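Protein chains in written order, with the UniProt record's numbering: chain G, 1 to 380; chain R, 1 to 316; chain C, 1 to 390.
Source of the hints: derived by calculation from the structure; they are not laboratory data.
Keep in mind it's a predicted model, so treat the numbers as computed, not measured.
It cannot be assumed that every hint is accurate.
Said to hold, decoys possible - Derived CB-CB ranges, DEER-like:
{"no.": "1", "chain 1": "C", "residue 1": "Lys80", "chain 2": "G", "residue 2": "Gln331", "range": "18 to 26 Å"}
{"no.": "2", "chain 1": "R", "residue 1": "Asp199", "chain 2": "G", "residue 2": "Ile135", "range": "22 to 30 Å"}
{"no.": "3", "chain 1": "R", "residue 1": "Asn207", "chain 2": "C", "residue 2": "Glu380", "range": "54 to 62 Å"}
{"no.": "4", "chain 1": "G", "residue 1": "Asp199", "chain 2": "C", "residue 2": "Thr152", "range": "40 to 48 Å"}
{"no.": "5", "chain 1": "R", "residue 1": "Val297", "chain 2": "G", "residue 2": "Arg234", "range": "32 to 40 Å"}
{"no.": "6", "chain 1": "R", "residue 1": "Arg154", "chain 2": "C", "residue 2": "Glu380", "range": "51 to 59 Å"}
{"no.": "7", "chain 1": "R", "residue 1": "Gly79", "chain 2": "C", "residue 2": "Gly379", "range": "55 to 63 Å"}
{"no.": "8", "chain 1": "G", "residue 1": "Gln331", "chain 2": "C", "residue 2": "Glu72", "range": "20 to 28 Å"}
{"no.": "9", "chain 1": "R", "residue 1": "Asp179", "chain 2": "G", "residue 2": "Gln331", "range": "26 to 34 Å"}
Where a beta carbon is used, it is the ideal one built from N, C-alpha and C, also for glycine.
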Amino acid sequence: MTTTADTPQTPEATAPSQGKPGGGLRGRLDSLPKPVRWAVLALLVAGAYLLPYAADVPVLGPQLVTEGIDWASALFNVSYFVLLALGLNVVVGFAGLLDLGYVGFYAVGAYTVALLASGDSVFGTKWTWLATIPIAIAIALFSGLILGWPTLRLRGDYLAIVTLGFAEIIRITADSTPDFLRGDQGFTGIPHPPGTFSDGTPVFGVRDATPYFWLGVTIIIIVVLALRNLERSRVGRSWLAIREDEEAAEVMGVRTVKYKLWAFAIGACVGGLGGVLFAGQNGFVNSAMFQLQLSILVLAGVVMGGSGNMAGAILGGALISYIPDRLRGTQILDRDAYEYRYLLFGVIIILIMIFRPQGLIPSRRRALELKDRAREVAPQ
Amino acid sequence: MNFSNLFSQFGELTVTGLAQGAIIALFALGYTLVYGVLRLINFAHSEVFTVGAFTAVLTWGAFGLDQDSRTPGLGGFVGYLLIGLLVAAAASAATAVVIELVAYRPLRRRNAPPLAFLITAIGASIAISEFVGVLTHRNNKGVPRLLTQEPVFRIADGRVTNLQILIVVVALAMMIGLDFFINRTRLGRGIRAVSQNPDSAALMGVNKNRVISLVFLLGGLMAGVAAIMYLLKIGNVRYDNGLYLGVEAFSAAVLGGIGNLRGALLGGFVLGVFENYVSGLFGTQWHSVGAFVLLVVLLMFRPTGLLGESLGRARA
Amino acid sequence: MALRQGLTRALGGVAIVALVAGTAACNKGSSDSGTSAGGKNCGYSIGYLGALTGPSANLGVNIEQGAELAIEQYNKKNGKDCITIKKFDSQGSADVAPGLARQLVADKKIIGVVGLPFSSESQAANPILNDAKIPNITPSATNTTLSEKGWTYFHRAVANDSAQGPAAGNYMKSVMKVQKAFVVDDQSAYGVGLADQVKAVLGSAVVGSDKVGGEGKQTDFSATVTKVVASGATALFYGGYYQNAGLFRKQLTAAGWTGALVAGDGVNDKGYIQAAGKEAAEGTILTCPCAPASKAKGSFVTDYKARWNVDAGTYSDVAYDAANIYLEGISKGNTTTEKLNEYLKTVNYTGIANTYKFTDKGELDPTKLIVWAFKVSGGEVVPDQEAPKA
């Protein structure tokens with residue numbers, strides 16, 4: 001599974017993405033005048049913030065909300081999965097590096113918050129949640145560099161197994177250091193984000209997950225804006241070149257190692273941020289939360305949504321969290337569906353990939369590449 | 001660190017590590033074969049193993065054997081072992097071929113990007129293991145005791161049991177058979193041809209789809225045999241056992257040089273023994289950390305594994 | 001070509017929409033729960049929050065069935081559907097439990113919770129229950145720190161690890177007269193806590209220790225088996241849950257180790273014998289901060305078997321009692337969560353398994369603590385004796 005596919009470049013494939021509006025919904029969106037496009041986006045953002053009230057929408061609302069799990073909590077789950085998918089999309093989608101151990105960075109973020117803020121920590125610093133964020137991001141970035149530096153000589157699948165190993169090392173270390181990372185025992189009493197209402201009750205309490213979801217959406221918007229600028233900068237173009245043909249990129253003077261490290265570090269930052277958000281909401285972190293399966297799930301989300309495209313990553317990340325949560329407490333043929341939720345989920349993944357191999361919202365550039373390749377190979 | 005532990009049990013740790021390594025090696029062959037031809041991590045290979053293991057346990061059950069029944073004599077053991085091997089290999093091979101047909105072939109026909117294959121593989125893996133999990137209520141299934149483990153001889157402080165000899169011999173025999181098949185037969189030549197250059201092979205009249213099915217079939221056979229050895233050694237099987245064993249097997253394949261059959265065997269043995277040494281030295285909880293560190297360090301110096309990657313030897 | 005592509009894409013879209021719509025159409029009508037039965041103090045619910053599926057599900061199922069039985073019996077006297085049970089399956093996972101807890105507290109009819117069964121999920125979900133002022137009684141989460149968090153709505157109907165661990169150690173020391181013991185744990189909060197307590201009691205008799213992977217993550221114990229055999233230990237304490245304990249025991253026996261395995265309540269389940277096999281499991285000592293279910297008073301044992309078609313398991317009786325404590329409180333008119341919690345503070349309830357009286361931290365009154373040792377004999381877990389306190 002070398003993601004640096006052996007697809008020769010064609011002028012068409014490297015054309016700027018705005019070059020040719022595709023068909024379908026997105027094509028129509030592109031052909032709209034700019035103010036209208038912004039209005040549509042603003043509506044989408046407003047809709048996202050209003051999601052906690054979806055149950056009040058007649059007819060459609062009750063179908064949408066989860067039944068077995070609190071709707072606001074399910075939405076919050078969606079928000080940090082989306083964040084993880086956005087981060088992994090930088091590594092896999094933009095730079096084309098296969099990372100099977102992304103949960104490692106998520107763990108780094110969550111554990112940094114726990115170590116600095118929880119009363120159970122050996123450090124005993126008991127910082128506030130807000131104060132831990134810069135440190136957590138810095139450490140996640142650093143861990144991205146640590147992982148990237150020795151492994152970037154490796155290609156494709158070698159990288160996959162090494163990154164998988166990295167995440168497992170973090171989980172096992174957490175499991176096996178009962179005094180430092182506290183294993184399954186975990187860190188309790190991690191402080192929540194700050195802020196109180198006028199009557200003194202905290203904004204970010206424990207009973208209502210809605211404020212956390214709003215916080216999650218806000219962070220997502222900031223991350224999306226930052227990544228969008230990056231994608232359209234020199235860094236983003238270098239990633240693209242590396243993804244398409246590493247040798248050619250190197251020959252053309254792209255410093256591949258440097259930009260691959262960039263991708264790892266930025267992906268790690270976003271993953272770490274996901275961990276920070278999760279720790280601040282859950283208040284409890286233990287080693288059982290950073291299983292290998294989580295990395296695989298997020299990767300499935302990114303590719304399912306459309307690798308290389310942020311809208312796709314958002315949709316994919318949302319689906320991997322929403323589908324299992326939605327199936328909880330639902331009846332299928334008089335049997336509770338949650339027992340079968342991952343079974344159904346596996347089938348849904350296969351179906352989506354067979355019918356939409358480029359993902360639900362494919363990257364426009366990738367779709368072109370794909371078309372290009374279809375022309376090259378002999379029909380079967 | 002407990003060096004006295006490591007040295008006083010060195011022989012024993014080596015022997016048990018070799019036995020575990022043999023199982024991992026058989027399992028790893030499936031990853032390496034598929035990778036050699038398709039450049040694809042067949043993520044669902046772990047479920048090929050799981051299906052084989054459960055089929056064998058159910059078949060033994062149909063013969064009235066459960067884990068509380070008495071250990072049969074030597075004749076009974078050989079008979080049940082052969083039956084087990086047969087049904088497990090058949091079930092695993094069939095599963096592997098079906099996965100290829102359902103999850104990969106439609107994508108190949110549509111020229112899907114490489115990552116799409118990995119994701120359908122993940123989907124298939126989740127769906128199959130969950131299906132088995134639902135059927136078995138996610139409980140361990142006990143394996144009948146077919147063989148009483150007895151030490152046959154000793155090497156230094158290590159007792160070598162009849163079961164350990166059996167596992168290693170079977171693994172080597174399967175390996176030699178597979179190596180012969182790939183390098184000496186007509187069908188094997190087809191596999192090598194496709195792995196070296198699929199398009200040229202197609203031009204030369206090799207049926208690519210048939211070769212790919214054959215590769216999945218062979219990988220499945222090996223996984224089925226590995227499943228029986230696993231059952232004899234571990235004595236239990238659960239729906240999710242394939243996943244972690246699969247990660248180890250894939251590590252072994254990469255360690256030896258993915259795409260390289262002999263590399264998979266070597267990688268399996270090295271990994272099994274090394275993990276046991278780590279267990280002896282630092283404690284069992286660190287064994288996979290040891291394996292991954294070994295992998296990273298080795299790949300830094302030999303980026304294509306111990307023996308280098310090549311299913312059909314030379315590859316540009 | 002283009003046509004075919006369009007067609008398959010359309011078909012794919014239809015398939016996905018159909019899947020989503022299909023599940024949506026099967027929604028359970030959950031809004032019709034407002035029909036309260038006619039009797040006095042009726043129309044309330046008791047929640048069960050804990051594992052019903054997942055790797056260690058048996059322990060949770062035992063508890064849920066015990067509680068449900070109590071409620072059904074109560075309803076026979078007080079009218080159909082007088083009190084209902086609402087189940088929330090956490091799979092024993094600390095990142096799933098909080099979302100379910102929020103779902104639970106949103107249901108205003110639930111005024112008491114039986115659960116949560118495991119310690120780590122309790123750490124994650126109890127802050128929510130406490131904030132929502134919903135009384136909860138755990139029949140099995142034994143981690144000592146749970147009662148030290150200032151949760152005024154938390155109650156524990158069994159002894160915690162600081163009673164069970166030493167009891168297990170003392171049993172090994174004074175009943176089994178173990179000279180050389182090996183201690184292994186599975187790195188779970190529960191397993192580590194128990195194993196450390198046992199190590200402290202056994203002291204110099206511990207000749208070696210090891211840590212292994214948890215449920216599903218490790219199945220090959222050969223390195224640990226090697227260490228146990230080499231250490232010459234005659235007994236092994238395993239801190240962990242029943243599935244892996246079974247695998248481990250089977251491999252120890254296969255390797256020719258004949259010593260006895262001792263473990264805590266997490267292994268005290270038939271699943272252990274199913275995994276290990278009857279022969280290997282024979283003679284295993286299992287402790288539990290509970291009295292034998294067969295010693296339960298009244299007709300509980302036969303009622304349970306008649307209702308669920310299986311024998312009552314570990315903590316089924318405690319859960320039955322916990323539900324009955326709530327039911328008695330409700331029947332006395334304590335029909336708000338606050339009143340019910342006040343009631344728990346003063347309760348002195350004699351159930352089938354024990355007499356319950358809670359300290360101000362929600363722990364069982366020290367005089368009521370019991371720890372029993374059980375033995376596996378002939379493929380069954382049978383009571384052996386009450387474990388010595390020192």
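These are the hints, each one checked on the structure:
Under the hint 18 to 26 Å, the C-beta atoms of Lys80/C and Gln331/G, about 22 Å apart, fit the expected range. Here the CB-CB span from Asp199/R to Ile135/G is close to 53 Å, at odds with the stated 22 to 30 Å. Under the hint 54 to 62 Å, the C-beta atoms of Asn207/R and Glu380/C, about 59 Å apart, fit the expected range. Range check, Asp199/G to Thr152/C: about 21 Å between beta-carbon atoms, so the 40 to 48 Å window is missed.
For Val297/R and Arg234/G, the Cβ-Cβ distance of about 34 Å falls inside the hinted range of 32 to 40 Å, so the restraint holds. Under the hint 51 to 59 Å, the C-beta atoms of Arg154/R and Glu380/C, about 39 Å apart, miss the expected range. The hint said 55 to 63 Å for the Cβ distance between Gly79/R and Gly379/C, and at roughly 27 Å that hint is violated. Between Gln331/G and Glu72/C the CB atoms are about 22 Å apart, so this pair conforms to the stated range of 20 to 28 Å.
Hint check: Asp179/R to Gln331/G, Cβ distance near 53 Å, so the stated range 26 to 34 Å is violated.
Hint compliance for this structure: hints 2, 4, 6, 7, 9 are broken, all remaining hints hold.
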